[in-house]
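Student: Once you've looked at the hints, dock chains B, C and D against the given chain A.
Chain by chain, the residues run as shown.
Protein chains: 4
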Amino acid sequence: MSGSTFNTFFKITTWGESHGKALGVVIDGCPAGLPLDEDDIQIYLNRRKPGQSKISTPRKEDDAVEILSGTFEGKTTGTPISLIVRNTSQRSHDYSEIASYYRPGHADYTFDRKYGFRDYRGGGRSSGRETIGRVAAGAIAAKLLKELGIEILTYTKAIGPITADMNAFDRDAIASTPTCMPDYEASRKAEEYLAQCMENMDSAGGIIECRINGVPAGIGEPVFEKLDANLAKAIMSIGAVKAFEIGDGCKVSTANGSSNNDSFISENGRISKKTNHAGGILGGISDGSEIILRAYVKPTPSIFSEQETVNTEGENIRIRIKGRHDPIIVPRAVVVVEAMAALTLADAMIGNMSSRISYLKDFYT
Amino acid sequence: MSGSTFNTFFKITTWGESHGKALGVVIDGCPAGLPLDEDDIQIYLNRRKPGQSKISTPRKEDDAVEILSGTFEGKTTGTPISLIVRNTSQRSHDYSEIASYYRPGHADYTFDRKYGFRDYRGGGRSSGRETIGRVAAGAIAAKLLKELGIEILTYTKAIGPITADMNAFDRDAIASTPTCMPDYEASRKAEEYLAQCMENMDSAGGIIECRINGVPAGIGEPVFEKLDANLAKAIMSIGAVKAFEIGDGCKVSTANGSSNNDSFISENGRISKKTNHAGGILGGISDGSEIILRAYVKPTPSIFSEQETVNTEGENIRIRIKGRHDPIIVPRAVVVVEAMAALTLADAMIGNMSSRISYLKDFYT
Amino acid sequence: MSGSTFNTFFKITTWGESHGKALGVVIDGCPAGLPLDEDDIQIYLNRRKPGQSKISTPRKEDDAVEILSGTFEGKTTGTPISLIVRNTSQRSHDYSEIASYYRPGHADYTFDRKYGFRDYRGGGRSSGRETIGRVAAGAIAAKLLKELGIEILTYTKAIGPITADMNAFDRDAIASTPTCMPDYEASRKAEEYLAQCMENMDSAGGIIECRINGVPAGIGEPVFEKLDANLAKAIMSIGAVKAFEIGDGCKVSTANGSSNNDSFISENGRISKKTNHAGGILGGISDGSEIILRAYVKPTPSIFSEQETVNTEGENIRIRIKGRHDPIIVPRAVVVVEAMAALTLADAMIGNMSSRISYLKDFYT
Amino acid sequence: MSGSTFNTFFKITTWGESHGKALGVVIDGCPAGLPLDEDDIQIYLNRRKPGQSKISTPRKEDDAVEILSGTFEGKTTGTPISLIVRNTSQRSHDYSEIASYYRPGHADYTFDRKYGFRDYRGGGRSSGRETIGRVAAGAIAAKLLKELGIEILTYTKAIGPITADMNAFDRDAIASTPTCMPDYEASRKAEEYLAQCMENMDSAGGIIECRINGVPAGIGEPVFEKLDANLAKAIMSIGAVKAFEIGDGCKVSTANGSSNNDSFISENGRISKKTNHAGGILGGISDGSEIILRAYVKPTPSIFSEQETVNTEGENIRIRIKGRHDPIIVPRAVVVVEAMAALTLADAMIGNMSSRISYLKDFYT
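Chains as they are written, first to last, in my numbering: chain A, 5 to 369; chain B, 5 to 369; chain C, 5 to 369; chain D, 5 to 369.
Extracted from the complex, chain A is given alone in its bound form (with noise of 0.2 Å):
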């Protein structure tokens, strides 16, 4: 069956292998009037580029973007819009060993099992740059929420043991760091723990933080359209994302309701909550704090030391993973965290507006 459409309103449908021609997405259903240019993606996808530190592949990737449909002057025109990127700096070269075995940690057995062959090509669909037109359609849905005043925020919580200090947040971090943590003194320390882990031929893992402002309260359609149910399916189908949180998460196990609830307070008529171990929602249904969530990155699963796994023959064999590899993957998959974040709020956004008799009355007459 089709799994590559995301949405019921804001639909994206992506498509590209990591070495066939291009990859893009259709982003069907995006509100007419929106402005938009090709550099308003271009500055999210830069955002995933590799080959932009010593702990992220020496590849060159130029992803340029282009707007292939769906925009009139300078703005959506309510069609769908289809964006491509074209596959430059794959070079051909041999992938007879890559395609003979299955290499641990990647889903190289599984699509063999599904499909009866594989793209074996840098991975094919299940590559990381699978994720270029996530990016390219999360950048548009990014932009319709800053329309209506939602902005998100999104950075590398910890790499390996590293975790930044969110007393030392500095947001300036972010975004001139290699590794996109909020903090220049755990940036440091956690580019020297990745650097041991390279010495070592090994790989490391970490965490990505969001945090989304200026979400009304109301957003989210229980109770299987929830808002964490979605926002949980958008992270969890990231490629490397084994658990997910939203507030508090891992921790409610161990904590006990006199603590976990958050009071609600009115002030000069403006009801909110004193704390938000919640976490931005409630019932499904957004409550006007900030939505705080968390996605658990697992290690780069090609690392260089000498593994063992199987061929597609059936026998067991010893193999070296060649090639450039990131030690890690969080940084470049900050991007991709945000952007489907934004295109499950988007989606949700549009789903709210009729919740009520009395908005479709105001709307239609």
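Just so you know, the hints here were simulated from the structure itself, not pulled from any lab data. Any given hint could turn out to be false.
Where chains are identical, the list cannot tell them apart; a pair therefore holds if satisfied intra-copy or between any two copies.
[What the hints assert, rightly or not] Below are the DSS-like pairs computed for lysine-lysine, each with C-alpha atoms no more than 27 Å apart in a straight line:
| id | residue 1 | residue 2 |
| --- | --- | --- |
| 1 | 193 | 147 |
| 2 | 255 | 278 |
| 3 | 278 | 326 |
| 4 | 25 | 193 |
| 5 | 326 | 53 |
| 6 | 79 | 150 |
| 7 | 193 | 255 |
| 8 | 255 | 79 |
| 9 | 25 | 53 |
| 10 | 79 | 147 |
In this text the structure is predicted, and so the values were computed from the model without any measurement.
Tutor: Coordinates of chains B, C and D only, in the frame set by chain A:
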């Protein structure tokens, strides 16, 4: 918009409020010919019944299910299966107090903001009774999966700080302890912990673990309908769940690739993995290993100690919640997690049947 | 796969068989705050009741609807509305004959081939009673549309060779004639024609016309969710409908552009069309004119004269169908067409609310 | 909302405007292993090319398709197939006139009302060029169906008052006449009729007929995803189609049950029907007979004679449309009807694979 339908093929639509006339579910897309009677479903519903121990509410809920359509001569017909559970024990009493304010940790405030008003009797649609439809439908999904050799085992992994010892794993304990823990000793300690919570007019959270065996490799649809992404959505859509893990989950963030990668191994022509850090899913597709997931559940928000909140007039007030409330949600949510996992998997199993053209040719020619 | 869910936002799921315990529908996505009680629905159900005249089956069906969820204090709450109609008059009698062969013009054969067996009592899910869910849901959609200034008028345009004279159009006749024709004279002739059909142990077909007024321009989503495409699906999904027209319909094939084009005209700043060959839809989007559609309904397949067919053993046999069967489907299907049109339109009205970014900004900021 | 995605399993998303950079389609859910190259698609696209005869516009459109993703070593991989057709011949000329008014019979007015403005160059998204994506995707669906023994034959049944004589049916004529009629004599007369239309600065409509052979009994999902309902939606979503028939279509309204019912007959253990008034579908499910459908197509709205309309300032004006326009849409739409039928059927064939639990057990155990 609509939010009460789940899945694409084995599609369910739940309905009903805590204190309405009834609750129920329509299952549409269940294959024809599956033997099914009310006992198959009742056995699951009984697992979520309250009033069974001192850590569960003394409310009496009969929750007797009736099949209204979709079966004939003891088998499913391929047409929609409608299930209903009448609300019998909901006493009509005075809800004016609860109607007048927003309970902390509940969806009172968000429902009011979304819909303009709410059915405040017992929480309405945001009540835990909403899960009756999920569990009833999940019972059928589980039966279907059993026919395909798939078995799901779900239990309480932890209650507050008390964690079940997997070395002391005893399957019988799951059904016979009030905690649904697979470890009698841990269960006993957890009961003590809960007794203390109750004495403190407080509540506790916990962790539910779900293990699925017998799933063939190849199930799940990249890149948005990945099996883990859909499991995440399924589980996170359950009220009170604040975090979701697959396999090693959060722990991957501090792991290294060398330890987190699962080596493939071939034995007698059968490929498996030496370890299962991935929790049975690679690239969003099942790899043939056991699928392991965990849900982190927050403490019951209805606590008897005094809390601060806001009333519907926007005034800051102090409240004490009355009524009968479990000090913990976890044991009764175990079967809900199992139901949602079964539903997600049933859908994915059907979705995979068209993954190769050779499958269609075998089927049709 | 699932086939009993319709629409995207104002989503309905119908269930139930002719001789099961009950039939019903869940409406999910109805905006909160719509006044609704059982009478609103019953009035529509009564229009499809049999036993009201000599051209309709003497079967007595009470079809009393009960609202099980989704309303509170007389208004919809935004949560799923579950409606049930108990089957009360289905007498248990001997179905062994009908179980043994395939009735011509019915779905007996195709259900058996699809599902491996069928609920043969009264046609099971393929019975006309299946439309109870559609009509009950359609009543709510129609009520919602009425709040938005939209009115739907549906009637019998023709029965066999007898066509209503639109110059003699009398709205009262629709409700007061057994044919639901808007022309007393034509209705009288049609009754005579049907009497003749019955004498011949035969049945007749006819045409249903539906006119929708008050729809603003702009409703419908190119290129696959066009308003006319979705109306076509809605109407063609009704059993016995074999053709669908919008506006001039079939006649366009022999028209010329000069006569078929509708000129736009501006009067007092309001743009309309001089003619309405298009039937109110251009490019799949409503143009503000009356929407006109027609359904062509086949003769009742259950006739009392002898027919040739095959039994489930694969033997050629001759049969005579017994029981109580209308000689014509049309009058009772009028309200079904109206219901399906209302449901389709309600969905499209909601879908259009996000067509411009300015609408989202007006709504949220 | 999004409207450019079609189907549930074999899902397509089309994009592109008449005068944008390119048009295309993403096909998601195509089973892996289907041999596919650009020629398979180009052969279908060539059938909708203009400039091939005097009854078609002298515009030159190359419409060369490029596969951007989803195939590897000549076979589909199960991942999304992205197809692109660059717009090469759209000359940049002055569109200020067409931008200033609403062409009768076109979607100019409705697009403006829906989206607030429109891409007026060549009709934008409402242009017939939008069908490029449908046809390209349909070519793949048709190839898939061919592997399953299903063949679709589509042709012009009538042009204006000239109807092809089915007794003179000549399959070769479909491909070799400019009208795509299966009757050389009728085609010649239709060409004369069209020449007369052009002389009158007018245009003509017609009828397209589509016959599908080899569909097994059992395809289609009651009660809303019936095969005929989905075919109706598919065909009615094509611009200019104003009526849809299955089997005897409109004629059923004047038929009697005794003549309209198709008797079943058993020959050598194979059950078929003596006649096929039903057009191969009973109760929304294929019955194993030939599926027959018809689309009624309106005359080209772009005519060269003077017309009345309104400009965007709301003034009544008289216009003369310039440019290159076919006097008839029908011959070029034949392949579009075929494509939409193929897409609908491919989806339904996949959807049926889970109709019985025994099918799942055969597949998985």
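Student: Hint by hint, say whether it matches the structure.
Tutor: Evaluation of the provided hints:
no. : hint         : verdict
1   : 193 with 147 : neither (34 Å within a copy, 52 Å between copies)
2   : 255 with 278 : within (19 Å within a copy, 31 Å between copies)
3   : 278 with 326 : between (52 Å within a copy, 23 Å between copies)
4   : 25 with 193  : neither (39 Å within a copy, 48 Å between copies)
5   : 326 with 53  : within (20 Å within a copy, 48 Å between copies)
6   : 79 with 150  : within (15 Å within a copy, 35 Å between copies)
7   : 193 with 255 : both (26 Å within a copy, 20 Å between copies)
8   : 255 with 79  : neither (45 Å within a copy, 39 Å between copies)
9   : 25 with 53   : both (18 Å within a copy, 26 Å between copies)
10  : 79 with 147  : within (12 Å within a copy, 37 Å between copies)
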